[in-house]
Amino acid sequence: MKWMARTKARLLHATDLFCPPRVLPPPPPESLHVRSPAEGTRWTCVERHRISWQYTGALWHPCDVLLERRTDQGWTPAVLLAAHVDPRALGTSVVVPDLPSGPYRVLITSPELPAAACSPPLLISHP
1 MKWMARTKAR
11 LLHATDLFCP
21 PRVLPPPPPE
31 SLHVRSPAEG
41 TRWTCVERHR
51 ISWQYTGALW
61 HPCDVLLERR
71 TDQGWTPAVL
81 LAAHVDPRAL
91 GTSVVVPDLP
101 SGPYRVLITS
111 PELPAAACSP
121 PLLISHP
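For the sequence shown, the working numbering gives the first residue as 1, with consecutive numbering after it.
Honestly, the hints are just simulated from the structure, not real lab data. Just so it is clear, the structure is predicted and the values come from calculations on it, not from any experiment. The C-beta atom is built at its ideal place from N, Cα and C for all residues, glycine as well. It is possible that some hints are incorrect.
Simulated restraints, written as ranges between beta carbons of each label pair [unchecked claim]:
hint : residue 1 : residue 2 : range
1    : R42       : W75       : 15 to 23 Å
2    : R88       : L123      : 15 to 23 Å
3    : T56       : R10       : 40 to 48 Å
4    : L90       : T7        : 17 to 25 Å
5    : P111      : R42       : 27 to 35 Å
6    : P114      : R10       : 41 to 49 Å
7    : W60       : E39       : 14 to 22 Å
8    : A82       : R42       : 19 to 27 Å
When you get a sec, could you build the whole thing from the sequences and use the hints?
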């Protein structure tokens with residue numbers, strides 16, 4: 001009987017050499033996605049608007065919400081809309097300051113994020 005147990009152990013060890021142990025897939029990367037404003041949204045200056053986001057992980061450090069303006073040189077910072085926002089709120093309400101009309105996008109930054117999250121382009125105009 002001992003020889004059967006030894007043979008079985010050798011066979012199991014031999015098959016382990018050909019079949020690597022099962023490895024769990026890596027967890028999905030944590031990322032922040034801006035849900036609102038949606039692409040093509042039109043905002044008017046000096047009006048209140050809601051910005052919302054979704055995060056697949058857990059942020060604890062406050063985040064900043066900025067507007068970037070599209071120029072010939074690319075996207076450039078325009079104005080800080082909200083500072084030190086609790087990211088667990090998953091959104092904030094902001095008043096759009098008096099800005100030149102044109103294409104903008106919302107940018108959310110936090111020291112915990114590997115990269116800033118930005119919305120699709122939106123259009124800001126005057127009333």
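- Looking back at the hints listed earlier, which ones does the structure fail to meet? Hints 2, 4 and 7 not satisfied by this model.
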